[in-house]
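**Student:** Protein chains in written order, with the numbering used here: chain A, 1 to 362; chain B, 363 to 727.
Just to be clear, a hint being listed does not mean it is correct.
What the hints assert, rightly or not - Some, not all, of what chain B presents toward chain A, calculated at C-beta under 10 Å:
1) Ser473
2) Phe474
3) Ser475
4) Glu476
5) Val482
6) Val483
7) Lys544
8) Trp670
9) Pro676
To be verified - As a list, the in silico DSSO-like pairs of lysine-lysine whose alpha-carbon atoms are at most 30 Å apart:
10) Lys21/A x Lys529/B
11) Lys472/B x Lys11/A
12) Lys214/A x Lys573/B
No wet-lab data here; the hints were simulated from the structure. Given the structure is predicted, the values throughout are model-derived calculations rather than measurements. Where is the CB? At the ideal position from N, CA and C, for every residue including glycine.
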Amino acid sequence: MLRIGIVGCGKIAEAHAEAIKHTPEAELVATCDLEILMARQLAERFAAKAFYDDLAQMLAEVKPEVVHITTPPQSHYIIARTCLEAGCHVLVEKPFTVNTEEAESLINLARAKSLKLTVGTDEQFSNVAMEMRELIKQGWLGGDPIHLDVYYCYDLGDERYARAFLKNRSHWIWQLPGQLIQNIIPHAVMKIAEYLNGSKIKVIAEGFTSHFLKNLGEIRLKDELRALIVDENQTSAYLTFSTSFRPPLRQLLICGPENSLLLDQDHQALVRIPGRTYKSYLDKTLPLNYLARQYRKNLFKNIRLFLKKKFQMKRGLFNLINFFYESIKKDGPEPIPYEQILLGSKIVDSIVSEVYKDSKQN
Amino acid sequence: MMIDNELEIAAHKGHDGIFVEPEVPVLVTGAAGFIGRQVVGSLLKKGLSNIICLIRETSDLSGLKRIIEDEQGEGKTRIIEGNLLSFEDCLRITEGVKIIYHLAAGTSTKSFSEAFLNSVVTTRNLIEASLRHNCLRRFVNVSSFAVYTNLNKKTGRWLDETCPVEKHPETRAEAYCYGKVKQDELVMEYRNKAGLPYVIVRPGTVYGPGKFFIPGRVGIDTFGIFLHFGGSNPLPLTYVENCAEAIVLAGLVPGVEGEIFNIVDDNLPTSREFLKLYKKNVRKIKSIYVPKAIGLLFCVFWDRIAKWSDGQLPSAFSYREWAAYWKKTYYSNRKIKDKLGWRPRVSTEEGLKRFFAASREYLKK
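Modelling step: build the complete structure from the supplied sequences, incorporating the hints.
**Tutor:** Below, the structure is given as structure tokens:
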């Protein structure tokens, strides 16, 4: 039985505690938060035996084998470092760290101590994302991906909620170098980082403030992003982040030399787009029938998954945690390779630096 | 037919005197909120002249400012920004304060942790800070009817302050209920360990212009059509101005420390009457009446499926929820009338009229 601790007992910690509860051979043994009442409430609700407001004390007394870090991102680095130094495997919520330098430092420390480290970009482990990975491994694309197109949207809510968010300048999001963009895009970036290679990545990014926010008087916060990313093998990716799209899409299109794939995260659908074309009007009918069948199949697959109890809203987190624990128990490979975490971190850094270069100059 | 509240016939015991001088510093947290601004208005009406209105940096102040202007409260009120999660802020705003009306709460979250943070941690900070100044005379903790359970009560019984609250609020799929139960527990703990002079008030469903919704006790529109669960159940409504006055009295009337008061108006309408009036006066909505037995079966069935599903379906409906919201219950306001001398100034008929008119206007916009 793996003994698990959680540091940071806010909203996202609930999702981790819930996933741990449903993970065999894992037990939440302690919670920790600077606010002891928060640590206590999470411990009480998820039957953890101990709660703390001091990380060092928790590590010394409970000696958890794994620590989940669900605090604001600015504290990820120091907490993860402390946990690794205490001999714990660590799962860090996204964004992994504030910059690549910190990410590299943590990964080096984990390697040196032979401990496992991962990041909570759980959408990479949703049922459909794993199915997509498997299809690509089997060669559905007919070779390496040529281009990826990822849409990742975020709903700021109605005007009232948006105003409240804008006024709440003490929130940690405002202290991040890339503010809202840096907090949200890691999910999208990690989806494409998985299929990009090498360390020489070219990024062209444009960020701006949406009309919606401008109408509320906000001019500094960038809540729209269009980015082009090209790796050293000329595999390219477009990344679109928006708070204005309706519906707020979360999709990934991967185009290969023979076929393509469309992953629809919102509806948990994976659509195979065959490269084959038909003559004349047959091309306007037969492929549509094929696509319709694909969507129907996705519907039945989702129903089957529900009946098998594998269709939780945060299924990706369940799967990621399971893979992470398995890698610890069997000393196998980490669920997300460190190179991928670093690449994702570099892409985010480049995007943030492009988008906020004017603010730096000022 | 309007249901006669049992207390309509109760003897009136008015308390004319207030136990503080008009210039005594009074703090209202959540002062920009739906109820908070009316509490400020009611304090001004009662002649209080040193009112600190605590607001968050994200608060919309238009409603509060309008009320202060209407009550000619400029010079008698101070609007202060602060965050109850900051102990330093709490120390600053409670300095010299003798009466606290604590209305700020996390109301719109589905996360239990967030509800706890915004209800319990904030309350702890506020209490600790005010106790440091050693001048607090009354702490009015605004709770809610959501804390009550009807689990072991027979249908058609009265609900009053002696009724049990949820022992396991974490099992109700309602973060707000969890936050409020824990907040009440904390306040009572401080009575035992530090002699906190608290009064807890528990309003029913607070309605009025500014809050445009059909109460959940009437039914739900989750599935695209309005499912009317309430039927002939009385609705524990309290018009926002009436509620605010009750809260104010809980801070001013002497000798009620450690007491709990429920706040509901007189002549409460049934759920069916409310829905009928809403459709007639505000907008047409398609609704289906769900008979009690079917509603109960639906909730029990949903709960079973949710438990079976390993967290796939949220436990949004259960026997606990049904008992708390849709089991037929009558509501007593005898205690608050007897001990605080409160009487609802705005009749339910008039309150509903104002509420429907404002809802119509809101929908037009």
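**Student:** Under the criterion of a CB-CB separation shorter than 10 Å, is serine 475/B in contact with chain A as hinted?
**Tutor:** Hint on serine 475/B: holds, closest Cβ of chain A at ~5 Å, below 10 Å.
**Student:** Given tryptophan 670/B as an interface hint, is its Cβ closer than 10 Å to any Cβ of chain A?
**Tutor:** 8 Å, holds
**Student:** Using the nearest Cβ pair, does lysine 544/B come within less than 10 Å of chain A?
**Tutor:** 7 Å, holds
**Student:** Is the interface hint for phenylalanine 474/B satisfied, with its Cβ closer than 10 Å to some Cβ of chain A?
**Tutor:** 7 Å, holds
**Student:** Using 10 Å as the Cβ threshold, decide whether glutamate 476/B counts as touching chain A.
**Tutor:** Holds - the Cβ of glutamate 476/B comes within 10 Å of chain A, reaching about 5 Å at its closest.
**Student:** Does lysine 472/B pair with lysine 11/A here, judged by a C-alpha cut-off of 30 Å?
**Tutor:** OK: lysine 472/B and lysine 11/A at ~9 Å, within 30 Å.
**Student:** Minimum Cβ distance from valine 482/B to chain A below 10 Å?
**Tutor:** For valine 482/B, the interface hint holds, since the closest Cβ of chain A sits about 6 Å away, which is under 10 Å.
**Student:** Given valine 483/B was flagged as interface, is its beta-carbon under 10 Å from a beta-carbon of chain A?
**Tutor:** This interface hint holds because 5 Å falls under the 10 Å limit.
**Student:** With the threshold set at 30 Å, check whether the alpha-carbon distance from lysine 214/A to lysine 573/B stays at or below it.
**Tutor:** At roughly 27 Å apart (the allowed maximum being 30 Å), lysine 573/B and lysine 214/A satisfy the hint.
**Student:** Closer than 10 Å between Cβ atoms is the bar; does proline 676/B clear it against chain A? Give me holds or violated.
**Tutor:** Hint on proline 676/B: holds, closest Cβ of chain A at ~8 Å, below 10 Å.
**Student:** Below or equal to 30 Å on CA atoms is what counts here, so check lysine 21/A against lysine 529/B.
**Tutor:** Roughly 22 Å between the alpha carbons, so the hint for lysine 21/A and lysine 529/B holds.
**Student:** Measuring from the C-beta of serine 473/B to each C-beta in chain A, is the shortest one below 10 Å?
**Tutor:** Since the shortest Cβ distance to chain A is 4 Å, the answer is holds.
Every hint, counting from the list given before, is met by this structure.
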